[in-house]
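First to last, the sequence lines map onto chains U and R.
Heads up, the first sequence is in the numbering used here, so the first residue is 14 and it goes up one at a time.
Heads up, the second sequence is in the numbering used here, so the first residue is 16 and it goes up one at a time.
Some hints here could point you the wrong way.
To be verified - Distance condition first, Cα-Cα at most 30 Å in a straight line; then the derived DSBU-like pairs of lysine-lysine:
1) R:Lys-65 <-> R:Lys-40
2) R:Lys-174 <-> U:Lys-144
3) U:Lys-144 <-> R:Lys-81
4) U:Lys-116 <-> R:Lys-446
5) U:Lys-144 <-> R:Lys-60
6) U:Lys-144 <-> U:Lys-130
7) R:Lys-169 <-> R:Lys-65
8) U:Lys-130 <-> R:Lys-446
9) R:Lys-354 <-> R:Lys-337
10) U:Lys-144 <-> R:Lys-168
11) R:Lys-40 <-> U:Lys-144
12) R:Lys-433 <-> U:Lys-144
13) U:Lys-144 <-> R:Lys-171
14) R:Lys-40 <-> R:Lys-446
15) R:Lys-433 <-> R:Lys-81
16) R:Lys-171 <-> R:Lys-40
17) R:Lys-169 <-> U:Lys-144
18) R:Lys-187 <-> R:Lys-171
19) R:Lys-446 <-> U:Lys-144
20) R:Lys-131 <-> U:Lys-144
Said to hold, decoys possible - Some chain R residues judged to face chain U by a derived CB distance under 8 Å, without partners named:
21) Pro-35
22) Ile-102
23) Gly-146
24) Thr-436
25) Leu-443
26) Leu-445
27) Lys-446
To be verified - Have a look at the derived ranges for each label pair, beta carbon to beta carbon:
28) R:Arg-311 <-> U:Glu-107: 55 to 61 Å
29) U:Glu-93 <-> R:Tyr-170: 26 to 32 Å
30) R:Tyr-170 <-> U:Arg-56: 40 to 46 Å
31) U:Glu-106 <-> R:Lys-65: 26 to 32 Å
32) R:Gly-124 <-> U:Asp-96: 37 to 43 Å
33) R:Gly-364 <-> U:Asp-96: 47 to 53 Å
34) R:Leu-76 <-> U:Asn-140: 33 to 39 Å
35) U:Glu-120 <-> R:Arg-324: 46 to 52 Å
Source of the hints: derived by calculation from the structure; they are not laboratory data.
On a predicted model such as this, the values are computed, not experimentally measured, just so you know.
Glycine included, C-beta positions come from ideal geometry on N, C-alpha and C.
Here is what each chain is made of, one letter per residue.
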Amino acid sequence: MANIKIIKSEFKGQADLQLAPAIKAGFPSPADDYLHETLDFNRDLIRNPEATFYGRVEGDSMIEAGICDGDIAVIDRSLEAHDGDVVVGYVNEEFTIKFLDLKHHDEGYIELRPANKNFHPIRIDANDEFKVWGVVVWTIRSWR
Amino acid sequence: MYGIIDCDNCYVSCERVFRPDLNDKPVVVLSNNDGCVVARSNEAKRLGIKAGTPYYQLAQLFPNQKIAVFSSNYELYGELTGRVVEIIRQEAPAYFRYSIDECFVNLIGMDEGGLKQWGEQLHERIRHSVGIPVSIGIAPNKTLAKMASHFAKKYKGYKHCCFIDTDEKRLKALRLYPIDEVWGIGRRYAARLEAMGDHTAYDFAVHSREWVRATFNNIVIERVWRELNGEDCVPDEEMAAKKSICTSRSFPTMLTDLNAIETHVANYAARCAEKLRKQGSVASIVAVFLHTNFFREDLPQYTNFQESRLITPTSSTITIVKTAVNLLRALYRPGYRYKKAGVIIMGIGPNSPIQQDLFDINAEQFQRMSRLDKVIDRINKVNGTETIVLGSQQYASKDGTGKADVFANAIRHDFRSKNPTTRWTEILRLK
Chain U
14 MANIKIIKSE
24 FKGQADLQLA
34 PAIKAGFPSP
44 ADDYLHETLD
54 FNRDLIRNPE
64 ATFYGRVEGD
74 SMIEAGICDG
84 DIAVIDRSLE
94 AHDGDVVVGY
104 VNEEFTIKFL
114 DLKHHDEGYI
124 ELRPANKNFH
134 PIRIDANDEF
144 KVWGVVVWTI
154 RSWR
Chain R
16 MYGIIDCDNC
26 YVSCERVFRP
36 DLNDKPVVVL
46 SNNDGCVVAR
56 SNEAKRLGIK
66 AGTPYYQLAQ
76 LFPNQKIAVF
86 SSNYELYGEL
96 TGRVVEIIRQ
106 EAPAYFRYSI
116 DECFVNLIGM
126 DEGGLKQWGE
136 QLHERIRHSV
146 GIPVSIGIAP
156 NKTLAKMASH
166 FAKKYKGYKH
176 CCFIDTDEKR
186 LKALRLYPID
196 EVWGIGRRYA
206 ARLEAMGDHT
216 AYDFAVHSRE
226 WVRATFNNIV
236 IERVWRELNG
246 EDCVPDEEMA
256 AKKSICTSRS
266 FPTMLTDLNA
276 IETHVANYAA
286 RCAEKLRKQG
296 SVASIVAVFL
306 HTNFFREDLP
316 QYTNFQESRL
326 ITPTSSTITI
336 VKTAVNLLRA
346 LYRPGYRYKK
356 AGVIIMGIGP
366 NSPIQQDLFD
376 INAEQFQRMS
386 RLDKVIDRIN
396 KVNGTETIVL
406 GSQQYASKDG
416 TGKADVFANA
426 IRHDFRSKNP
436 TTRWTEILRL
446 K
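Next comes chain U alone, as it looks inside the complex (with noise of 0.2 Å):
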């Protein structure tokens, strides 16, 4: 077997663009010292990424909350869910994207409350199995 050799470059790829000083005689640029990593959507909202799944929203239920139909909501299963939190919880063999009403608890039951006067709350008593699925952390609309 021939012996591969490896040269520097062939694995640096590009560099980025932010990073690599422009070519240039004289004094430094005054603005290197402020050079920053791009912002990344993947590494600054997604803390969690192994526990993160995404869905799409069907359905005007939540419009009152800016929720629509056909927006992308990112989900983290990591997070523990607190009242007053959009949610997605898995009822009558669906997903569905509500807000957590915890109020009601020490009367034996919580609700999924949507935001939109034609829907009603979704009432889960403390003997239904239930678990919310995860938090949903982001909403994504696309506008054009």
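Assemble chain R onto chain U, guided by the hints.
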């Protein structure tokens, strides 16, 4: 201490992540082409469904039973188990993926008093974040850790984590453990031991070492015996050897310089790619491990392992070498004197003959091929696997529009679930 983390009924658990209604119900997953049962939920096992049962017999053998049936969806299983491995990577000092559903961890440097709780919390984090239940075994060596994971799976009282930390517990475990389930024994030797009256791991472990040597004259069996007696003798990298190709060497001298190690790793990777092509296969996972000299206790120690999933399974030297070198760079820490590195490729499947021939024709063509590979990779990444395949990967049958079928359609998968984690068109639908 070592740990093994094992996904419970892995394929079934993956399917249940997006079908919570099937928790507590009998579920089976079928082999490629929907031939026979390859994975069963506990409920399906309790019904008496055996692994390997042909699909067409299910309805006859289990009339009036509601059994959820899935075609195997390796795209989904690969993605979800990758998340499990990522969590393990974050929580353990060093890890080795052993198969799609098992991971070994080296718990070097961790406080032994806290390991049981560490395991319980790891299970909880994986279950909560990914939705897959795991069983964790912890012990002074890998053979006993594997055994402990079986107990963790079998008895609820362990809270998914069994820690064999005393001799008393070790002996108790050995007495309860059938000899044919001991890791590394193999069916043939297990049958011989059974015939000699050794029914449990304990029966075997209480023989003298001389007896084991005289009876079997086999270094692997002797090693199993030593591990059952508490010694630690299976090297870490062997954990990755199942259904994989591994090329690893100790360096002639200890190395500190990344460049020097890169050259070694690139050659190991090239060797793996060669072996892969020789057997006409392609691989989908490339892994690299690197460690210092464990015998030099006077020096600072470091061991690590990392893997990367290839978008398109390949046997291409360029792709495998590049991936391996990138992994090495992620593993490498300055300030240590390294003794050994290795490249492991996993997720091995068959390749089509035409593709291999193309590869070997000449360097120029190969270069063009690999450029093409890149474009294909990018398109497939955006639009889903097998949007573009090589002509040689296509199957003869035609679909409704007259286009030739790709592999994924040429095999049967009548009950295949969606791929909510790898295709935008199949993400969860939220009502």
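Checked hints:
| no. | hint | result |
| --- | --- | --- |
| 1 | R:Lys-65 <-> R:Lys-40 | 16 Å, holds |
| 2 | R:Lys-174 <-> U:Lys-144 | 20 Å, holds |
| 3 | U:Lys-144 <-> R:Lys-81 | 24 Å, holds |
| 4 | U:Lys-116 <-> R:Lys-446 | 23 Å, holds |
| 5 | U:Lys-144 <-> R:Lys-60 | 26 Å, holds |
| 6 | U:Lys-144 <-> U:Lys-130 | 25 Å, holds |
| 7 | R:Lys-169 <-> R:Lys-65 | 18 Å, holds |
| 8 | U:Lys-130 <-> R:Lys-446 | 16 Å, holds |
| 9 | R:Lys-354 <-> R:Lys-337 | 22 Å, holds |
| 10 | U:Lys-144 <-> R:Lys-168 | 23 Å, holds |
| 11 | R:Lys-40 <-> U:Lys-144 | 17 Å, holds |
| 12 | R:Lys-433 <-> U:Lys-144 | 22 Å, holds |
| 13 | U:Lys-144 <-> R:Lys-171 | 21 Å, holds |
| 14 | R:Lys-40 <-> R:Lys-446 | 24 Å, holds |
| 15 | R:Lys-433 <-> R:Lys-81 | 21 Å, holds |
| 16 | R:Lys-171 <-> R:Lys-40 | 18 Å, holds |
| 17 | R:Lys-169 <-> U:Lys-144 | 25 Å, holds |
| 18 | R:Lys-187 <-> R:Lys-171 | 17 Å, holds |
| 19 | R:Lys-446 <-> U:Lys-144 | 16 Å, holds |
| 20 | R:Lys-131 <-> U:Lys-144 | 27 Å, holds |
| 21 | Pro-35 | 5 Å, holds |
| 22 | Ile-102 | 5 Å, holds |
| 23 | Gly-146 | 7 Å, holds |
| 24 | Thr-436 | 7 Å, holds |
| 25 | Leu-443 | 4 Å, holds |
| 26 | Leu-445 | 4 Å, holds |
| 27 | Lys-446 | 5 Å, holds |
| 28 | R:Arg-311 <-> U:Glu-107: 55 to 61 Å | 60 Å, holds |
| 29 | U:Glu-93 <-> R:Tyr-170: 26 to 32 Å | 28 Å, holds |
| 30 | R:Tyr-170 <-> U:Arg-56: 40 to 46 Å | 42 Å, holds |
| 31 | U:Glu-106 <-> R:Lys-65: 26 to 32 Å | 29 Å, holds |
| 32 | R:Gly-124 <-> U:Asp-96: 37 to 43 Å | 41 Å, holds |
| 33 | R:Gly-364 <-> U:Asp-96: 47 to 53 Å | 48 Å, holds |
| 34 | R:Leu-76 <-> U:Asn-140: 33 to 39 Å | 34 Å, holds |
| 35 | U:Glu-120 <-> R:Arg-324: 46 to 52 Å | 48 Å, holds |
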